[in-house]
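Read top to bottom, the protein sequences are chains A and W.
Numbering-wise, the numbering used here puts 263 at position 263 of the first sequence, and it's gapless, one number per residue.
Numbering-wise, the numbering used here puts 430 at position 430 of the second sequence, and it's gapless, one number per residue.
Worth flagging that the hints you see were computed from the coordinates, not collected in a lab.
In this text, all values refer to a predicted model and were calculated from it rather than measured experimentally.
Treat the hints with care, as some may be off.
Stretches of chain A that chain W covers, calculated by requiring three or more beta carbons in the stretch to come under 8 angstroms of a beta carbon on chain W [to be verified]:
| # | region |
| --- | --- |
| 1 | 40 to 48 |
| 2 | 221 to 235 |
| 3 | 294 to 303 |
| 4 | 332 to 338 |
Even glycine gets a Cβ: it sits at the ideal position worked out from N, Cα and C.
Number of protein chains: 2
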Amino acid sequence: MEGIVLAIQEQRLRPGSKLPSIRKFAQNHRVSLFTVAEAYDRLVARGCLNAVPNAGFYVRGHVTEDVSGEQAAPEFDFDAHLLLHKVFQPLGMELRPGIGLLPEDWLDSEGLLRGLRSLAREEPTQFGNYGQSKGNPRLRGKLADRLADAGVAATPEQVLLTSGASQALDLAVRYFVQRGDPVFVDEPGYTHLFLNLRLQGARLLGVPRSADGLDLERLEELAREHRPKVFFIQARLQSPTGTSLPLATCHRLLQLAEKYDFLIVENDIYADLDTSGQLLLANLDQLARVIYIGSLSKIIAPALRVGFIAAHPELIKELVPLKIVSGLTSSELTETLALDILLQGRQRKHVRQLRERLSEAHETVARRLEAAGLELFHEPRAGLFLWARHRAVADSTQLAKQAKEAKILLFPGQLFMPDGRNVPWTRFNVAHSLDEQLYTFLARLNER
Amino acid sequence: MEGIVLAIQEQRLRPGSKLPSIRKFAQNHRVSLFTVAEAYDRLVARGCLNAVPNAGFYVRGHVTEDVSGEQAAPEFDFDAHLLLHKVFQPLGMELRPGIGLLPEDWLDSEGLLRGLRSLAREEPTQFGNYGQSKGNPRLRGKLADRLADAGVAATPEQVLLTSGASQALDLAVRYFVQRGDPVFVDEPGYTHLFLNLRLQGARLLGVPRSADGLDLERLEELAREHRPKVFFIQARLQSPTGTSLPLATCHRLLQLAEKYDFLIVENDIYADLDTSGQLLLANLDQLARVIYIGSLSKIIAPALRVGFIAAHPELIKELVPLKIVSGLTSSELTETLALDILLQGRQRKHVRQLRERLSEAHETVARRLEAAGLELFHEPRAGLFLWARHRAVADSTQLAKQAKEAKILLFPGQLFMPDGRNVPWTRFNVAHSLDEQLYTFLARLNER
């Protein structure tokens, strides 16, 4: 096999050329027919050879490893197009303080590895069917327990597993939003959600976030005028501002939700990163008016794609068929893996360490951003994000363009605004903002 | 750990009761503090204990393994509700000729196991990000090669990976269908697709399938009157009829698509089960007007949830952002696993054996159904399905109800009709129709 691969790589065997028959190769190399047949078969499986029935084996036209073309750094602007088309491609940047992920080496790769090994010890036939509509029941039980620990009473039947928190949000959008409906969103907030809502035909009503809460007066004005049925909100360690809602604001928001009869979809994907033990909307409301969305991908591994919705039992009954028609069941394989990892004792320790590491990064990055001439919106001291503006460059899109020249990827404020308007703020992921290069760049802007 | 779990199971330790402190437990049992702390931590992770800060460790209220309640066999009727709410729950049936899956032990569980082991040898940090928008590039390359082998030219850039073929269909529905749009579908055809299309507000125009093709006259009538923009079709080994379109019908259908300017979404999830080497819509059309959908879940394991769309590059560019806003990326974990399994030499052999086994089952089941008094719609001799009607019981829903009494799950014709009307036909999955009990039941109906 190695000899043939080498011959192909060195172009001694050219694409399209025919290999000796199995019989001839076996005779020439004094090996058994079986060995040659097996080797050819594996080379076909690897995509090195083509097997043409009744004709023989041929070197393939193109080799599967080679998918160049898409490796080149693409050009991009700082608009929604970046988030939809480019953000998951290699952008040729050296630093990426803009992105919304933890650095790969901050995740518990040892825990993931153990989980994968544990998965390989499971009985494989259990993956031979679609699993249950709501997802793996043991994982749902575990998540219900975790919710109970966090002060939200929910049975496993109230937990619906999804392919990442993104599918959970998508199901909520599809269930609650009809074309033309007004919908409350955080301003600034989560762009992929805005794009999804617009796709569904929603009219976005931005409710301004402040360093210490939410503009409830503006919310009440909008509620009176537009009567939206639902508010998609991230109450805790919000992206992009890093802020969390104080308990009193949560309480008041729920009162307004009652008064103006709207539901609340609480996107709580950063729950595990919270050090405050703060109670939130779902705690006060206990899943009466709040639909709670969580994620395991953020802490374990984004490639896991395991998220969930916890909601009132009657609402879950409505969301299950929506999940089924739009994608059948979620993956029992990744859900079993997630459960294996949650059941490892090490997972809790990893999360504790992660919080500490982020807390230290917050302290460092906050001080360094200030020293480089930036003003902070708020100092959350937890989660991934700091929202800051440069005193010397009022236009954050301009700042991002200059950063791009220096091979630094920043996400300017306009990416997070429901109406896409330019604002002076920029989102910094503290875990990706520890490199000297960033501060050299930022400080240099003050010299002009 | 075992001692504590046993004490909980035997209710010597009751829910809510407090455990000795780590220090006290270590003293009493003469083990190190570290050992006890580790054991408690793992019991917390397993959901057996609660850790209450500054208070100690308590036995949990409910144990995660226990999610009874949903194990009882539910009541159900043979309407869409069954497919949406019940089909993935245990229904208490002894035989399930109705379902659309291969039996778990017909899948290559050894191959899956090797794939999982191989996954556990991958570098885990590669799963620490969201991967590329279109999905794992090496798997896309491999799928492009497989398409080339099947006579459809596509680059890896024309392949978009999805969470199962269901997400692929969902993206196509969302992209092509607006509220009120007329859409062509197979009649009978795929119910989950019909439900999804209705959700999106489509008007379904059923094009009757026949044993040897498609009612093209009816199609042309409907095209002239309604001008639909798209036809969702399963050309090969169709569910529920088991039929495949002859080449001439494919050619004529594409001509009509050209004439009346509609696109064709070709759902080809049973491609691997086809023994005929038959060419289909995507071969003739080469992805100009055809959007091709495939699946790896069917052959490897349904829990994998890996499917794909291959289409014209301009269309893929439109579908990528729709995938991203509705669920971000697909799982790099399951895609890497799928690739590992496809690269195993054994996979091709497994598929060959599977085809042979299905072909034998077709022969057996066809003869036995006829002997039991059923008429066959067609004899496909490949794939999963036979479509048949009982001469003694004209009403297939009535047949399914009687079968249910005998603990046999049949799917009557109404489940597959775009308008849900009752038809005399029933779908039999040949791999689940090999038990004597089925024929005893069917033959007994002739005696009345």
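Evaluation of the provided hints:
1. 40 to 48: holds (count 6)
2. 221 to 235: violated (count 0)
3. 294 to 303: Holds: 3 residues of the region 294 to 303 of chain A have a Cβ under 8 angstroms from chain W.
4. 332 to 338: holds (count 4)
Checked against the numbered hints above, the structure breaks only hint 2 and satisfies the rest.
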